[in-house]
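Peer 1: Chain by chain, the residues:
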Amino acid sequence: MNVWFDLQYAWRLFIKSWGYSLMCASVVALSVGLAVWTCALAYSQLWKPLEFPGSEQWYSVQLSADATARARPSIDAYTYQELLAHHRAADHLGAFADLAVVLSEGQATTSLRAAAISPRLFAATHVAPRLGRIFDSRDDQPGASAVAILSFDAWQQYFAGDPAIIGRTVRIDAAPVRVIGVMPRDFLAFEDFEVWMPLHLPQLARPADSTMTLTPLILLREHQTLGPIANEMKAAVDAVNRDHPQLFDPARHVTLIPAFRMFTHNAAPIVTMLSLMAAAVLLLGCVNISMVFFARLLERSRELALRTALGASRGRLLRQCLIETALVVLLGLLAGYALAALGIQWTHGIGAFISRVTASGRQAYLPTLRSVDLLWAVLSAMAIWILSTLIPAWHFARQDPAVILAGSGKGATVRDGNRSVRLLVGLQVVISCLVLVTCGNVVVAVEREVNKPHGLNTAQVLISIESTVFDARLADASRRLRYWENLTASIESHVPGSRVAFTTSAPTRPGKVAASIETREGATHDGRLTLPRTVVSDNYFALLGIRLRSGRLFDSTDDSASLPVVIIDESMASRFWPGENALGKRVRLNGSGQSSWLTVVGVVSAVPGGPYRTDASLGTMYQPLRQVVPPDFQVLIRLPDTTTDHRVALRAAAFAVDRDLPLHNLQTLDDYLAAVNLSYTAMVPILIVIALITALLAGSGLFGLISRSVAQRTQEVGIRRALGATSWRATSMFLRQGSLYLSVAVVGLALGILMMPLLSRAITNILDQVFPVTLGVVLLMAALIFTASYLPTRRALALDPGDALRSE
Amino acid sequence: MTTQHLIDLQGVRKIFYTDEMETAALDDIHLAIDPGEYVSISGPSGCGKSTLLSVMGLLHSSTHGKYFLNGTEVTGLHSAEQARVRNREIGFIFQAFNLIADMTAFQNVELPLTYRNDLTAKQRRDRVLTALEQVHLPERQKHFPAQLSGGQQQRVAIARALVGKPNVLLADEPTGNLDSRNAQLIMDLLSDLHEQGSTIVMVTHDPRSAERAQRQVSLFDGRIVDDRRFSSGDGAASYAAGARA
Chain D
1 MNVWFDLQYA WRLFIKSWGY SLMCASVVAL SVGLAVWTCA LAYSQLWKPL
51 EFPGSEQWYS VQLSADATAR ARPSIDAYTY QELLAHHRAA DHLGAFADLA
101 VVLSEGQATT SLRAAAISPR LFAATHVAPR LGRIFDSRDD QPGASAVAIL
151 SFDAWQQYFA GDPAIIGRTV RIDAAPVRVI GVMPRDFLAF EDFEVWMPLH
201 LPQLARPADS TMTLTPLILL REHQTLGPIA NEMKAAVDAV NRDHPQLFDP
251 ARHVTLIPAF RMFTHNAAPI VTMLSLMAAA VLLLGCVNIS MVFFARLLER
301 SRELALRTAL GASRGRLLRQ CLIETALVVL LGLLAGYALA ALGIQWTHGI
351 GAFISRVTAS GRQAYLPTLR SVDLLWAVLS AMAIWILSTL IPAWHFARQD
401 PAVILAGSGK GATVRDGNRS VRLLVGLQVV ISCLVLVTCG NVVVAVEREV
451 NKPHGLNTAQ VLISIESTVF DARLADASRR LRYWENLTAS IESHVPGSRV
501 AFTTSAPTRP GKVAASIETR EGATHDGRLT LPRTVVSDNY FALLGIRLRS
551 GRLFDSTDDS ASLPVVIIDE SMASRFWPGE NALGKRVRLN GSGQSSWLTV
601 VGVVSAVPGG PYRTDASLGT MYQPLRQVVP PDFQVLIRLP DTTTDHRVAL
651 RAAAFAVDRD LPLHNLQTLD DYLAAVNLSY TAMVPILIVI ALITALLAGS
701 GLFGLISRSV AQRTQEVGIR RALGATSWRA TSMFLRQGSL YLSVAVVGLA
751 LGILMMPLLS RAITNILDQV FPVTLGVVLL MAALIFTASY LPTRRALALD
801 PGDALRSE
Chain X
1 MTTQHLIDLQ GVRKIFYTDE METAALDDIH LAIDPGEYVS ISGPSGCGKS
51 TLLSVMGLLH SSTHGKYFLN GTEVTGLHSA EQARVRNREI GFIFQAFNLI
101 ADMTAFQNVE LPLTYRNDLT AKQRRDRVLT ALEQVHLPER QKHFPAQLSG
151 GQQQRVAIAR ALVGKPNVLL ADEPTGNLDS RNAQLIMDLL SDLHEQGSTI
201 VMVTHDPRSA ERAQRQVSLF DGRIVDDRRF SSGDGAASYA AGARA
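First to last, the sequence lines map onto chains D and X.
According to the numbering used here, the residues represented by the first sequence are 1 to 808, in order.
According to the numbering used here, the residues represented by the second sequence are 1 to 245, in order.
Read the hints as simulated data drawn from the structure, not as lab findings.
On a predicted model such as this, the values are computed, not experimentally measured, just so you know.
For each residue, glycine too, the CB sits at the ideal point set by N, CA and C.
There's no promise every hint is true.
[Said to hold, decoys possible] Below 20 Å or equal to it, Euclidean Cα-Cα: the simulated EDC-like pairs (lysine to aspartate or glutamate) are:
1. Lys142/X / Asp6/D
2. Lys165/X / Asp34/X
3. Lys165/X / Glu211/X
4. Lys66/X / Asp28/X
5. Lys122/X / Asp6/D
6. Lys165/X / Asp102/X
7. Lys165/X / Glu81/X
8. Lys16/D / Asp192/X
9. Lys452/D / Asp670/D
[Unchecked claim] Here are the in silico distance ranges between beta carbons for each label pair:
10. His78/X / Pro685/D: 42 to 48 Å
11. Ser743/D / Thr18/X: 25 to 31 Å
12. Leu779/D / His78/X: 26 to 32 Å
13. Arg125/X / Trp11/D: 16 to 22 Å
14. Phe786/D / Thr18/X: 53 to 59 Å
15. Lys16/D / Met21/X: 24 to 30 Å
16. Thr63/X / Leu342/D: 25 to 31 Å
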């Protein structure tokens, strides 16, 4: 019942000081919202198990250029074959490969996200099919009939949920394939595939025969440790590196990563950074509310002293204070949870955009709000509630009530209060500087990276995001060449005024090929060099606005009968032939049986590539389509206008040429580039918001401190002015107090700078602008400290000295 | 046979320490107050009147000496125990009323009872109404302090001091913030309470207020320099051994 009495009083204060209540609730909301959103993001990116039982026992086998480089979940088929041959320890070793297959049903042709997967790997998920069966050991044997398992969505969308689908033969990649199963609705193993087919791996005699890139996974036995398996894998990869030095770097390194973060482990530093930022904001919020509450209790110190005089124990005073802040924190908690939900929705919006542009289906790594997040929100709010209340409340509960009630300062009561608040403000300034330096450097680095000129004229250009792969009917090079000619003509006829080019990879994401470079000293980097390479049609450069720097572009004479040629960009020219004319120099490709020398006939402007492309300094080389005649391609189309959506006409144009070779996922090049950048650009507003919050919290904390100090010393100001002090001298008294915090800020700046090398693994250019960013933070803090010190001082100076002398 | 004093201060000293000096606010105070006494404490400004009241009210601990309240030594009690004693044994009346602005008169009076866990809501309500009736303000129970005159506020404060049925009322300049008419009303109220059996210790520098008490203690530089008892009714002064120091 006494609690009810306290609660009524707390509610009255809450309503009476609604501005204060809302401000504090906003701080709690921002702190809790950010903490919950970050927690949900960190869980989805780094800890969320895959959506099948026992997935924590699965590990992804990943390769990196060396032990310190980023590991990626793709392995060439030969290395995988060797791993398969030498693995003993793991329960299973299997792999899947991403495919883009074409399903033709009647007059409709659709490209599907597909995976060729080891039957045992698929079976090891222990997920029962909704219909039919899953793969067994017969399905990947040579000569076995082609079979496929459909996802629930594919079954519903393309076959209208046909209950007789099992055993039905469908046309996939222009060949008959029998459907043997349909997976349950929620099945999402590794990626959101629509079709699974058994992985057939021919025995490869040499690495150069590898044409497939695989994503291998291992399944640990019960209670098995990772060490022996990692050693076994390392030995196998080292042996491949050693046996084929012309193709593989001896430093090539194998890493085992939990399967649930096989695609996201490289985001760990970013997620960790965001988590630390959220923790810092939480702490700042705590300190800020603590300070506000401190100031508020100072105003009410007489009331607290009275309560003590009337017999309230310290425990009762603490309880009273806790009840008062509980209302504010509760409101903040609710608003914070709502903010977190909005943040999750925003993240889903980004995911939806990427999913639409890249046609990647459901995103397995998007955050969701779980019940544990609500618990986390409650815990965060409770941390703010208890810490921000108990410290000042305990301070005031220990005050001498007689001194306060007598209204005189016998003893050190007021000084103690100031010392505690000064410590809190100092802590706030340190944390703010740390957060500002970190956020500032990340934002600047990411902005510089994503805003690099890409050197492309992207206006009105569409690109087929997924490669179209030729099936066996077009194994012959002349047929493929004829297909491209027919497709070009068909597109130009369906969309008059359009221009068409072909490429094997998107402009900012060239493929990689093992190569050797001919220099004055002869071939160097023999076998150790992996160069970005794209195969392009003659008009690729003109269509994308890539400028010729020297030599010539490809033309119709660059075919299989002519001298093998290559065009390189200026980055590659300056990297390998600095200060020389690269024209006439030679490059040799080591893989795919192409061992002849290619002569450089042109140098074009550089296309830097997507953000944080590790091989950006190597540049890109281009080979002519007519000489390489690749087995897959992407199409680039410059449209005559953007007033009409030409995608339906373009699909019809492709269907008219070959119904089994549709154009996959046509998107504008601008959207594609935005989607590529989005995982980085999305960080920018988050970090800016965090930086703004921290700066505001630090500024308001400092403002509160100086305001209090000014209020307490107004009489002193009057005395000083009565004795002849100028306004400036009175002002400088408080500015000096504020400027002390600038020296405290150095600690935060130093801590922030020390964090930069930790982040440089994910954001490689983060160290580029450390000095100007730090200087900017110093200036910002100086401005903040000056403003927070000067504004309240003006109020004291606005009083006549006589009034100031009479103030209490 | 010795009677038990309600308040018994034995050799009490109170020293305030600041950064550079120490100030003895009370020096070797020996003072015994019996139940039912009405004592005024007076003296010049800074002589330690309010400090003495604070020590009696356990708002300050003495630096030296012993303090017995109702026969029990309360020197050096734990803060929680001190709070309990303040709540049940002592009622405070302040010069500045010290009502909580955001509570009604009723809630202000109820406040000390909320620090007890042995009363039901109904018991609390009955006690509050009784206390408000004692100060003739039951009709103002829903008013906030800002809606009351200074005299009414002080009467609410007296009701708050009475509501816990304390053994002693400690009043620190209870009329210091009031005009003469309201001061007269408050002093009449205190006299009534004394006649009803309350023990009152009042700090005042107003001689007219001091004369209402049956015992006048004078302080100077932290020491008791005079302690007079007056027989009630005849107004004749009878020295009671002066300061026991």
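Peer 1: Checking each numbered hint in turn, tell me which of them this model violates, lowest number first.
Peer 2: 3, 6, 8, 10, 12, 14, 15, 16
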